[in-house]
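J.: Listed below, chain by chain, are the residues.
Number of protein chains: 2
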Amino acid sequence: MKFNEMLQKSWDKNGSLLCVGLDPAPEKFPEKFSNFDRPIFYFCKEIIDATADLVCAYKPQIAYFSSCSAEEDLIDLIDYIHTRYPGIPVILDAKRGDIGSTAMHYARESFERFQADCVTLSPYMGKDSIDPYLQYPDKGEFILCRTSNKGGDDFQMLDVGGEPLYMKVARKVDEWNVNKQMGLVIGATYPAEIKAVREIAPDLTFLVPGVGAQGGDIEAVVKTGINGYRTGLVINSSRAILYASSGSDFAEAARKEAKRTRDAINFARF
Amino acid sequence: MKFNEMLQKSWDKNGSLLCVGLDPAPEKFPEKFSNFDRPIFYFCKEIIDATADLVCAYKPQIAYFSSCSAEEDLIDLIDYIHTRYPGIPVILDAKRGDIGSTAMHYARESFERFQADCVTLSPYMGKDSIDPYLQYPDKGEFILCRTSNKGGDDFQMLDVGGEPLYMKVARKVDEWNVNKQMGLVIGATYPAEIKAVREIAPDLTFLVPGVGAQGGDIEAVVKTGINGYRTGLVINSSRAILYASSGSDFAEAARKEAKRTRDAINFARF
Numbered sequence: 282m283k284f285n286e287m288l289q290k291s292w293d294k295n296g297s298l299l300c301v302g303l304d305p306a307p308e309k310f311p312e313k314f315s316n317f318d319r320p321i322f323y324f325c326k327e328i329i330d331a332t333a334d335l336v337c338a339y340k341p342q343i344a345y346f347s348s349c350s351a352e353e354d355l356i357d358l359i360d361y362i363h364t365r366y367p368g369i370p371v372i373l374d375a376k377r378g379d380i381g382s383t384a385m386h387y388a389r390e391s392f393e394r395f396q397a398d399c400v401t402l403s404p405y406m407g408k409d410s411i412d413p414y415l416q417y418p419d420k421g422e423f424i425l426c427r428t429s430n431k432g433g434d435d436f437q438m439l440d441v442g443g444e445p446l447y448m449k450v451a452r453k454v455d456e457w458n459v460n461k462q463m464g465l466v467i468g469a470t471y472p473a474e475i476k477a478v479r480e481i482a483p484d485l486t487f488l489v490p491g492v493g494a495q496g497g498d499i500e501a502v503v504k505t506g507i508n509g510y511r512t513g514l515v516i517n518s519s520r521a522i523l524y525a526s527s528g529s530d531f532a533e534a535a536r537k538e539a540k541r542t543r544d545a546i547n548f549a550r551f
Numbered sequence: 282m283k284f285n286e287m288l289q290k291s292w293d294k295n296g297s298l299l300c301v302g303l304d305p306a307p308e309k310f311p312e313k314f315s316n317f318d319r320p321i322f323y324f325c326k327e328i329i330d331a332t333a334d335l336v337c338a339y340k341p342q343i344a345y346f347s348s349c350s351a352e353e354d355l356i357d358l359i360d361y362i363h364t365r366y367p368g369i370p371v372i373l374d375a376k377r378g379d380i381g382s383t384a385m386h387y388a389r390e391s392f393e394r395f396q397a398d399c400v401t402l403s404p405y406m407g408k409d410s411i412d413p414y415l416q417y418p419d420k421g422e423f424i425l426c427r428t429s430n431k432g433g434d435d436f437q438m439l440d441v442g443g444e445p446l447y448m449k450v451a452r453k454v455d456e457w458n459v460n461k462q463m464g465l466v467i468g469a470t471y472p473a474e475i476k477a478v479r480e481i482a483p484d485l486t487f488l489v490p491g492v493g494a495q496g497g498d499i500e501a502v503v504k505t506g507i508n509g510y511r512t513g514l515v516i517n518s519s520r521a522i523l524y525a526s527s528g529s530d531f532a533e534a535a536r537k538e539a540k541r542t543r544d545a546i547n548f549a550r551f
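Heads up: the protein sequence lines correspond to chains A and B, in order. According to our numbering, the first sequence is numbered sequentially starting from 282. According to our numbering, the second sequence is numbered sequentially starting from 282.
Hint data in this document are derived by calculation from the structure and do not stem from the laboratory. A couple of the hints might just be wrong.
[What the hints assert, rightly or not] In silico lysine-lysine, DSSO-like type, Cα no more than 27 Å apart, as pairs:
1. A:K453 with B:K309
2. B:K453 with A:K449
3. B:K326 with B:K408
4. A:K449 with B:K449
5. A:K408 with B:K408
6. A:K431 with B:K309
7. B:K408 with A:K453
8. A:K453 with B:K461
9. B:K309 with B:K540
[Said to hold, decoys possible] Here chain A is said to cover these stretches of chain B; the calculated rule only asks that three of the stretch's residues, wherever they fall, bring their Cβ under 8 Å from a Cβ of chain A:
10. 386–394
11. 399–410
12. 420–434
13. 445–454
[What the hints assert, rightly or not] Every beta carbon over 10 Å from chain A, so not counted as near; a handful from chain B, in silico:
14. Q289
15. G296
16. E312
17. P367
18. K376
19. R377
20. G378
21. V459
22. N460
23. Y524
24. A534
Built from N, CA and C at the ideal position, the CB exists for glycine as well.
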C-alpha cells in the first residue's frame with residue numbers, strides 16, 4: 282500500500298492526527314530499565330503499547346539510536362509496530378541529503394534495512410538528492426521546509442524574490458510531488474507560516490514537530506494547517522509524551538498525555 | 282590536537298591535498314572479496330595501506346556503511362587509520378542537520394562512537410543545529426555550501442539580495458567560525474564559484490568533492506581555491522581511486538591513480 286493511503290487509513294481508523302516521536306534517551310528512562318538488557322527497545326515498546334490506539338504514526342529519530350549503537354533496537358521496534366499494530370506507518374526521522382549515488386544507499390538504509398514507511402529529508406542538495414527515495418513507490422518522504430528551532434531563521438527566512446526561502450522549498454516540493462509521495466516538515470511554532478504554506482500547497486501533508494515540549498500551540502497549528510478533508514497533518518510530540526512521568530507509571534502517563542494531545546487536536550479540528 | 286592543526290600537519294607531512302573517499306560498494310569489489318567474512322573492512326584496509334603516504338585525509342561516506350549494517354567495519358577502519366597511520370585525519374561524510382537536542386546525539390555518533398576527527402553537516406537548519414558539534418573543541422565540521430550535483434542548483438543558486446544562496450551560507454559560516462573548527466564543502470565542477478567563495482572566506486578550508494569520477498578539473502580547482510599558504514583545500518576523489526581496477530591489482534591501481542591525482546594537484550599548486 283502506498284504511504285499516503287496508509288496514512289489516510291491510519292488518520293481515519295484511530296481518529297487521530299497525533300504522531301508519537303520515539304527519541305529514546307536512556308538517562309531519562311524510569312529506574313527499572315537500568316536492569317534491562319535492551320532498555321531502548323523495551324522502553325519504546327511500552328510507550329507504543331500504551332499509545333497505539335491514539336496515534337496516526339510513530340516517528341523514531343535515528344540519531345537517538347545510532348548514538349547508542351542501537352540499530353538492532355530500531356529494526357526490532359519498527360518490526361514490532363508493523364506486526365503488532367499493522368496499518369500504523371513509521372516515519373524515520375533521518376533528515377538525510379546527499380548526491381544521488383549516496384542517497385541510494387541512504388534510501389536502502391531507511392527502507393530496506395529499517396523497513397520504515399517514510400523518511401525525512403533535507404532539501405539543500407535539490408531534486409536529484411531526493412529521486413532515489415522515490416524509486417520506492419510505496420514509501421513516503423517529508424522534506425524539511427520550515428523548522429521551529431531558533432537557527433531555522435538563519436537561511437530559511439532569507440528573502441528570495443519577495444518571499445522567504447522556505448516558501449520556495451514548499452513550491453518546489455509541491456511541483457515535484459507528481460507521485461504523491463512527498464510532504465513537508467513545518468515546525469509548529471509559527472502558525473502564520475503554516476497558513477502561508479497551506480495556501481500554496483493545499484494537497485501536501487505536513488509533518489509538524491514542535492507541539493508539546495517545544496511549546497507550539499495546537500489549536501493554531503490545526504486551524505492554519507488542516508486541509509479540506511480536515512486531515513493533511515501529522516502532528517508530532519516526542520518528549521512531552523515519552524517523559525510525561527519518570528516514575529513506574531511512565532506508560533500510563535504517556536497514554537494520558539497522548540490522549541490529551543489527540544483530543545486537543547480533534548477539538549480544534551471539528 | 283585540534284582538527285585544523287592536524288590537517289595542516291598532514292598536508293605538510295605527505296605533501297598532499299588529496300583526500301581518498303571511502304565509499305565501499307561490495308558489488309564493485311574484486312572477486313576475491315566475495316569469500317571474505319568482512320569484505321568492506323578488508324577492501325578499505327587494502328586501499329588505505331596502498332595510499333596512506335599520498336593523502337592528507339580519508340573521508341568515509343557513512344551511507345555506504347549503514348546501508349550494509351557495517352557500523353563495526355566503520356569503527357574498525359577509523360581505528361585502523363588512527364593506529365597504523367597516526368596524524369591522518371578522518372572526515373566522516375554524514376551531512377547531518379537537525380535541532381540541537383538531536384544534533385547532540387549525531388555529534389556523539391560521529392565523534393564518540395565512530396571517533397571521526399571531522400564531520401560534514403548541512404546548513405539548512407542554521408547555527409544552533411551546528412553548535413553541539415562545536416562542543417568537541419578538537420573536532421572539525423565542514424558545512425555544505427555549493428554541491429556539484431545537478432540538483433545543487435535548485436536552491437543553492439537562488440538569488441538572495443544579489444548573490445546566490447550558497448554565498449550567504451559561505452558568509453555565515455565564515456562569521457560563525459570563531460573557534461576555527463569549520464570549513465565549507467564546495468564541489469569541484471564550478472571553479473568560478475570556488476573563486477568567489479575563496480574571495481570572501483580567505484581562511485576557511487574547502488572540502489572539494491567532484492574530481493575523478495565526477496569530472497571536476499583539478500588545475501582549475503587548485504588555481505581558484507588555494508589559500509595564501511598554498512593549502513586550504515582537501516580535494517576528494519572516491520570512485521576513481523577505489524575502483525581504478527576491478528582485478529586483483531586493484532590496490533596497486535588505486536595507488537597509481539592516487540599518486541597521479543596528488544601530483545596533478547601539486548603541479549597546479551606550485
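J.: Work down the list of hints and note, for each, if the structure agrees.
T.: A quick look at each hint next to the structure:
1. A threshold of 27 Å between alpha carbons decides the hint, and for A:K453 with B:K309 the separation of about 35 Å lies outside it, so the pair is violated.
2. For the given pair, B:K453 sits about 20 Å from A:K449 by alpha-carbon distance, which is consistent with the 27 Å threshold.
3. Restraint check for B:K326 and B:K408: the C-alpha separation of about 36 Å exceeds 27 Å, so the hint is violated.
4. About 16 Å separates the Cα atoms of A:K449 and B:K449, which keeps this hinted pair within 27 Å; it holds.
5. Among the hinted pairs, A:K408 with B:K408 is consistent with the structure: their alpha-carbon atoms are about 24 Å apart, no more than 27 Å.
6. Restraint check for A:K431 and B:K309: not satisfied, since their Cα atoms lie roughly 44 Å apart, outside the 27 Å limit.
7. This hinted pair checks out: B:K408 and A:K453 have alpha carbons roughly 24 Å apart, not beyond 27 Å.
8. A threshold of 27 Å between alpha carbons decides the hint, and for A:K453 with B:K461 the separation of about 35 Å lies outside it, so the pair is violated.
9. Between B:K309 and B:K540 the alpha-carbon distance is near 21 Å, which keeps this suggested pair within the 27 Å criterion.
10. For the region 386–394 of chain B, the assignment as covered by chain A holds, since 6 residues bring a beta-carbon within under 8 Å of that chain's beta-carbons and 3 suffice.
11. By the rule of at least three residues with a Cβ nearer than 8 Å to a Cβ of chain A, the coverage given for the region 399–410 of chain B holds, with 8 such residues.
12. For the region 420–434 of chain B, the proposed coverage by chain A is satisfied: 8 residues have a C-beta within less than 8 Å of a C-beta in that chain, meeting the threshold of three.
13. Under the rule that three or more residues need a Cβ within less than 8 Å of chain A, the assignment of the region 445–454 of chain B holds, with 4 such residues.
14. Every C-beta of chain A lies more than 10 Å from that of B:Q289, the closest at about 28 Å, which supports listing it as non-interface.
15. Distance check on B:G296: its Cβ is at least 29 Å (rounded) from any Cβ of chain A, clearing the 10 Å threshold; non-interface status holds.
16. With a least CB separation of 22 Å from chain A, B:E312 remains clear of the 10 Å interface cut-off, as annotated.
17. Listed as outside the interface, B:P367 is consistent with that label: its C-beta sits roughly 25 Å from the nearest C-beta of chain A, beyond the 10 Å cut-off.
18. Residue-level check failed: B:K376 sits 5 Å from the nearest beta carbon of chain A, not beyond 10 Å.
19. Its closest Cβ contact with chain A, about 7 Å, brings B:R377 to no more than 10 Å, contrary to its assignment away from the interface.
20. Separation of B:G378 from chain A is inadequate, the least Cβ-Cβ distance of about 6 Å not exceeding the 10 Å criterion.
21. No Cβ of chain A comes within 10 Å of the Cβ of B:V459; the nearest lies about 16 Å off, and the non-interface call holds.
22. Every beta carbon of chain A lies more than 10 Å from that of B:N460, the smallest distance being close to 17 Å; the non-interface claim holds.
23. Every beta carbon of chain A lies more than 10 Å from that of B:Y524, the smallest distance being close to 12 Å; the non-interface claim holds.
24. For B:A534, the requirement that its beta carbon stay farther than 10 Å from each beta carbon of chain A is met, with the minimum near 21 Å.
The structure shown violates the earlier hints numbered 1, 3, 6, 8, 18, 19 and 20.
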